[in-house]
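Position chains B, C and D against the provided structure of chain A, taking the given hints into account.
Protein chains in written order, with our numbering: chain A, 22 to 333; chain B, 7 to 599; chain C, 19 to 587; chain D, 1438 to 1792.
What the hints contain is simulated information worked out from the structure, not anything from laboratory work. Hints are supplied without guarantee of correctness; some may be wrong.
[As the list claims (entries may be wrong)] Straight-line alpha carbon distances no greater than 30 Å define the calculated DSSO-like cross-link-like pairs of lysine-lysine that follow:
no.	chain 1	residue 1	chain 2	residue 2
1	C	Lys356	D	Lys1680
2	C	Lys497	D	Lys1680
3	B	Lys424	B	Lys486
4	B	Lys459	D	Lys1576
5	D	Lys1678	C	Lys356
6	D	Lys1566	B	Lys415
7	A	Lys179	B	Lys314
[To be verified] Derived list of chain D stretches under chain B, where covered just means 3 residues or more per stretch with a C-beta under 8 Å from a C-beta of chain B:
no.	stretch
8	1468-1476
9	1538-1547
Bear in mind that the values here come from a model prediction, so they are computed numbers and not experimental data. Every residue gets a Cβ at the ideal spot worked out from N, C-alpha and C, and that includes glycine.
In case you want the letters, here they are:
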Amino acid sequence: MFAYIVRRLWQMLPTMLGVVLLVFFLFNWVGGDPAYILAGKMANAESIANIRRQLGVDQPYYVQLWIFIQQIASFDFGLSWATGEPVANIIATRLGPSLTVLIPLTVLETVIGIALALAVAFVRGSLTDRVVMIACTVGMSVSILIYIIVFQYGLAYKLGWFPVQGWGGSFWENLLRYSTLPIVIGLAVSIAPTLRLFRSFVLDEAGQDYVRTARAKGLSERRVMWVHVLRNAAIPIITHVMSNLPALLIGAFLLERFFGIPGIGREVILAVERSDFPVIKAITVYVAAATMLFNLLTDLMYQAVDPRVQLT
Amino acid sequence: MQGFNWIAAMALAVAAWPAAAEPVKTLRYILPAAEASFDPALTRDLYTGHILEAIFETLYTYDYLARPVKLAPGTAAALPEVSADGKSYLIRLKKGTYFTPDPAFGGKPRELTVADYVYSWKRLFDPRLASPNAWLLEGKVVGLDALGEQAKKTGRFDYDQPVAGLEQLDPYTLRIHLTQTDFNLGMILAYEPLAAVAREVVEKYGDSKGDVGAHPVGTGVYKLGQWIRGSRIVLEENTHHRPEVWDFQPSAEGGADDERIVRQMKGKKIPQIGRIEISVQLEDQSRWLSFTSGEADLFWLDGPLAPKALLDGKLRPELAARGVQLSRSIDPELTYYYWNMRDPVLGGLAKEKIALRRAIAMAHDVDEEIRLVLNGEARRLNFPIPPGVVGHDPHYQPLLRYDPALANKLLDRYGYKKGADGWRTLPDGKPLEITYTSRNEAAGVLMAELWRKTYNRLGIRMLNQRMIFSDIQKAETLCKIASRTYQWLADYPDGDNFMQLFYGGNIGQNNNGCYQDARFDQWFEASHRMPPGPERDALYRKMARLLEAQGAAMPAYSRYRNMLAQPSVIGYKKHPILHQEWKYIDIERKDQK
Amino acid sequence: MMDANNLLEVSNLRIAFRVDRKTTAEAVKGISFVVPRNATVALVGESGSGKSVSSLAVMGLLPPDTTVVDPASSIRFDGREILTMSTAERRAMCGKDVAMIFQEPMSSLNPVFTVGAQIAEVLRLHMGMNTAQARRRTLELLEEVGIPDPAVKIDAYPSQMSGGQQQRVMIAMAIACEPKLLIADEPTTALDVTIQKQIMELIARLQKRHAMAVLFITHDLGLVAEIADHVIVMRHGEVREAGTAQQVFGRPADAYTKALLHCRPTLAARPWRLPVIADYIAAQATLGDIAEGLPPHPVERRRGSAPDDEPVLVVRNLSKSFHLREGWFGKREFKAVKDVSFTLARGKTLGVVGESGSGKTTVGLTLLRLHQASGGTAMFEGRDLIGMSAREFQHYKRRIQIIFQNPYASLNPRFTVGEILLEPMRIHRIGADDRERTAAAYLLLEKVGLPASAFQRYSHEFSGGQRQRIAIARCLTMKPEILVCDESVSALDVSVQAQVLNLLQDLQDEFGLSYIFISHDLSVVKYIADQVMVMHQGAVVELADSDQLYRDPQHAYTRALLAAIPRHG
Amino acid sequence: MTAPASVGLWGLAWRRLRADRVAMASLAVVAAFLLMLLLSATGLIVADWEDEVGVNYAPPSFVGAAPAVPAMVPAAPAQPLPDNPFDPLADDIRALRAPTVDMYGVADPLAADLAQLGVSGVAAAGAGKLATLPFGADKWGHDIIKKTIKGGETSIVVGLVSALLAVGLGTLFGALSGYCGGAVDDFFNWFYSIFTAIPSVLMILAVAAVLQQKGVVTIVLILGLTGWTGPYRLIRAEYIKHKAREYVLAADAIGASHWRRMFGHIFPNVSHVALVQMSILVVGFIKAEVILSFLGFGVPVGVVSWGSMLNEAQNELILGRWWQLTAAAIAMAMLVTAFSLFTDALRDALDPKVK
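This is chain A alone, in the form it adopts within the complex:
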């Protein structure tokens, strides 16, 4: 097991290197010149040269690349160009709010998705099934932007069920007061695709021979679904949920912007708007690393769920 983890980590290195090269290529080569943003409104050539020197962007590319690699290895990406805040600090402090929304969202989405998928799979092929699936498709075809605008206006402002936006200091306040509506919207947006996906996972399994065996044993349909099918469908479900998490961290930026949640996604957009390259670079590299680690974690979880998997 340990050897397996070590080997997997070792295998991540080339990918990580590729990510680093890609990010470096994008930002240090293709990207615009940050000095002009930082120089302020009365920029002259001399002050710009000075800023370039301070940022190190006047160095040859290979030197910059080496510095970048050192930064990654030491987890020190220096300071944000826009705010002067240490990048490591940015990531550390923005992660909490993001997770406060995303973890309950993911858990609820998964649980509700599974429950509905099994319920729909009970009546597969029926009119109810078809109607639900078409409703899901319609639900998916509306842009998330519209969900947010309408839900915020309707539920928070008109009905006053939730605060319009905000973020407080205490975890419980954030979770129970400010995160509720973003989670509701996140659920409304994500439940349709999740349900469709989970349904297909469940139906794939429901067509397997062992399900026929289970029925031949005289098991109730509920037990067949919830025990025999679900346990097998859990494998693709875990893959889906786990591989989605890191992407969701960034993907929730619209929610974070509209509801004033100081999370990672919002920070990325802010950084993009301010051309704050160190922040984008760091987040990109770390999210890529997180994605890879999550993949590893997923594989480790397989072992718990699926006895056929041998991690060697």
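Chains B, C and D alone, transformed into the frame defined by chain A:
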């Protein structure tokens, strides 16, 4: 629904929790963009400026009510004594101003002296800091620039080395020696990058690569409380601040409103509001819904939201009925269009080029731009110096007026013939295409669409180039932008700050149209050395006319600043230069939550 | 009507499947049969005969949304009508009174639960046992079905067991509640012959010990000869013949039954041509009733190698290893074929037999260089096919061809039959132009017994046997000298198998082709091969003339294989 | 030539599809959109969408004209230089407006020309503009219905072209990777793992942060270059699966070249995967274009897309001008729903179980 109720109950319980310990008056405010570093030397945006202005203090500030704006002493005891040649300023400090307590001072109160200002100004020239605000004093103070040059060579900025131009007569008295005549230095000294920071604090928390931007320690009325970056900033009253009392006179144009404010506020201690809670909200809808649902007390009604609250520049009746107050002022800002004088197609002083530029200017419907792009939230401006700024001429008549028919005739006359496809060519038959550059965001798109209509009116092909801000700035300093809509917000409310936009010596800095004309430059240099007055105004009028006649640039408008206040806010009036007025106002909340 | 001695009475069972909104396809056309208590009844039929559908109907396992059971149908179990039972009643019955085992034990067991848990689940459900009781009983059951070391295997997952053990687990699960009826749906088809025999014996033993009835469903009539008391032969959803085993095997009344009995090659005889169903049906139509089937062909075919055989392919020390990645950079070698040597004579057939994993298929693929050999030589016309470059081998490709096992996978589904036949000729520039090639293709279609209209149709429109003919025609376009038949008839129904074997034999007679005939079916190999090579775990254990090998096997493994062949008649 | 009874797999799929009523209905909707696209792309309809036919924000006819609008329109042409109605100095300016302006001693280089040409005055602005339109007007007075159709053209083209690019890349890479295996596979897998390690939103943002040129081509490139991973994974798996299939071995045995096996034999058998991926991506990309527009990657000026409309209309909604948002959202939802349903049916119809 059981579950929902339970959650709601929990939420209420949680919400009610901090309420018990809050006897202080609290003002809630919204910033539409995230704040940056709280280091005055590094500030570049007005959002951060709000906070800096509250925490740090400059030598001078502005009178709250006086219009046109009037300089007033801040930490200085009085307005500066300026020598007749405008080259020497004598400044005295008020005694008894203290920095807020900080471990950097070893637990002892620390009084503000002129050395703090000298230190803060030196910092702007430290190459390691690469301050974007050095230009405020660049080339002005004797010996200060040399110190920066020396640091570039040695790699270390010597803060202990005295500067000849900054003569510290005693801890409370400073004499500044300027390299040339400048009557505007007082206004520059009111600009928040020149506020005082304490050397001990900077050295404790680290400069440049350090973290002093996260530990603002100033002498202001407020100090930083809770701070969740990019989300929530809480300012608390600095109880050690030197005692001040609200004492302003109503201004002539303020009328009944000013009278009321004076009546409500006069004699009160500054500040009345003990706590400012600022939240950062990036989306228009979120901000607006926050304000209307009562989650904010003061609201900056920017751009796209204006029609929601205003109708023909007045508060909508339903809001007025709720007692919402509107404070509306014109920003000391100039929006103008420039055509690059070095552009091969547009530039130059040849007559057909002037005709081309003036025809374009005449075909542009500024009023439509105000109506559609700005939702009516701007005032048409014919003169390059906006209202509220010294040197503005309200009676100036524009030479360039909207007349697309005439513009087309002018182009016909100068040989810009229309081809078979309906598009004009250059007089020599080459294709005519003009690039208009705008920012890569919603407003940039709208402006480009409007300009496309203008060029379509003339039968000229327009290409829209959309770039991120930094790239535009880079291209502008290299004279590579053909035409653009440019906005300039006053650093200090004097015409000089606007006319320098067209000064030949500023090409590569902010003369983005790269306009250079010997007469203009000569008039500008002359005006620069004059104190404000009719003589200087006359020069400004000639300069404005010359710009128009040559079709180098066309002033367009100044935007309105609309602030909404909830009924509970007392004594509020938007100041055109100050970022915020929190210390001058009061709030009266019956249901103090 | 109800005979108390009959455990299961199926009468007038009529089942149809909905194809789309308008059309339905009838799979079972009003069949009736009974299963007496304590008896073993074999339900025999080829694919599409409706035998499995009938058994699934008994268990209520047909997909409810697409199945239409005729209301006049009746299935009575132990006196109770199953078709009108409530779901709960039926559930209580399934797994307790009636149990079922399936063809694919691997996929029929839930991969994520231990076998113990899956068996105990039935016990807890139907017998009301608690966990400890169920575990004790599970151990007994595993012991009974012959799982070695049950105390360990009870906590094993299905994937950790062999196919035979998995089927034993299925059986243990089925007999856990002492059912009155065990339905076995092709329980041995997916298993190797030696395992097949063991499972058959196990079922027979358990049937006796537990005094239960067994409904045994199979396509292989020969398989049930030893265990069935009653035999029901089905075809196209109808019962063709029903009777006691003695009666059906001894005096079959129906032509189809006879055909089934005789189409399959036996070890005992080697007719010049195998009889096919059409022969019997035609005979029945013309002669009315024939007591003994068709008279056997007068001449028996002689097989065997002769000293004057001209060797066409000489294989020496052929080996093939696969490398499995292991560890950081390490690889593990797996030897699939170990030093195989043989000589193939012109116009003769070399049979290669072995169980799954014996490497017999790999030998074939390696000879065609579809797999790269790890070592050895294959001399063809004095050139080594293994050692030459890929470019050189391109010219030899058309001379050595292969027919695969799965007729459904070996033809490109997006090509018409015409395209399939023309492609090799175009590649090897056989024929002057496409017109000539088309003419050749039509000739070949005729030769393999397909109508000319097949040329423009797609392979999915053909049955398995027809597809195998197309595959043969494709090979023939290149006029090869050697044809590797890799389990080419194993996936076909018995009656079709005979047709294809006859075709292969005809072609050999006509063109003098040499075959390497790879199969797990010893009877078929005995029939078609001159020489037989027995492979086990990648190595050749025995190579001899076929008659000699079957008469006097030298190696213990060969003997075990031969002993496992079911015999009848 | 072909016997009527003989139908290929595609033909069979089409038959199954035709039996599915939902599929046919959604196909009809998609076809209608494509027809509209074709007509508008060739300029047969809505070529005049840029005409400012209505007053600004003219409401839909069924709502009725906004009361404030007619009051404002005639005011505009009344004065050559319209004053800001709330300009406190309006009267002074009017009073002071003289036929000639004071030049303050600055010479006007064009004085002579202008004197000859004379002042022509301003053409009446807003004259003849409609107070209401069938589904209202946008900020400029463009007819929303025409704009929506024109916007659909851009959005669908962006979706189709970038999906084509993504699927093309994914298929090519996947085919090479799955078929060749070994080092080629390792290389493409490395590439794939890099692209999937970075979430696509972040990838798009990163590219957004650095890219200079904005426009339709940029959007297509961003989407296409980040979207190839999904098709790649599936096509690669299919190739690995098919490579070992007997018909491919048979093709090898008859001497078909690698190229022929890859694209002549295997590709037709995996093309349905590419087709389904393609339609999934079209839907995804049409939706992604909205988000890109929100982030300022929108289409260039003079071009309209549903994304740019939604982005524009986002702020109109809180001002009570819901029609542009509604029109774009409904049009998009209709197409996307129909396309998704069709994709589902297509996937079922192409179900490779037939093989």
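Hints, one by one, checked against the model:
1. This hinted pair checks out: Lys356 of chain C and Lys1680 of chain D have alpha carbons roughly 25 Å apart, not beyond 30 Å.
2. Only pairs whose Cα atoms come within 30 Å are accepted, and Lys497 of chain C paired with Lys1680 of chain D is accepted, the gap being roughly 26 Å.
3. Between Lys424 of chain B and Lys486 of chain B the CA atoms are separated by roughly 27 Å; this keeps the pair inside 30 Å, and the hint holds.
4. Of the pairs offered as hints, the one joining Lys459 of chain B and Lys1576 of chain D holds, with about 13 Å between alpha carbons and a cut-off of 30 Å not exceeded.
5. Taking the CA atoms of Lys1678 of chain D and Lys356 of chain C, the gap is near 27 Å; set against the 30 Å cutoff, the hint holds.
6. Proposed proximity of Lys1566 of chain D and Lys415 of chain B is supported: the alpha carbons are some 26 Å apart, at most 30 Å.
7. At roughly 16 Å between alpha-carbon atoms, Lys179 of chain A and Lys314 of chain B fall within 30 Å of each other, so this suggested pair holds.
8. Beta-carbon proximity to chain B at under 8 Å applies to 0 residues in the stretch 1468-1476 of chain D; the threshold of 3 is not reached and the given coverage is violated.
9. By the rule of at least three residues with a Cβ nearer than 8 Å to a Cβ of chain B, the coverage given for the stretch 1538-1547 of chain D holds, with 10 such residues.
The structure fails to meet hint 8 from the earlier list, while all remaining hints are met.
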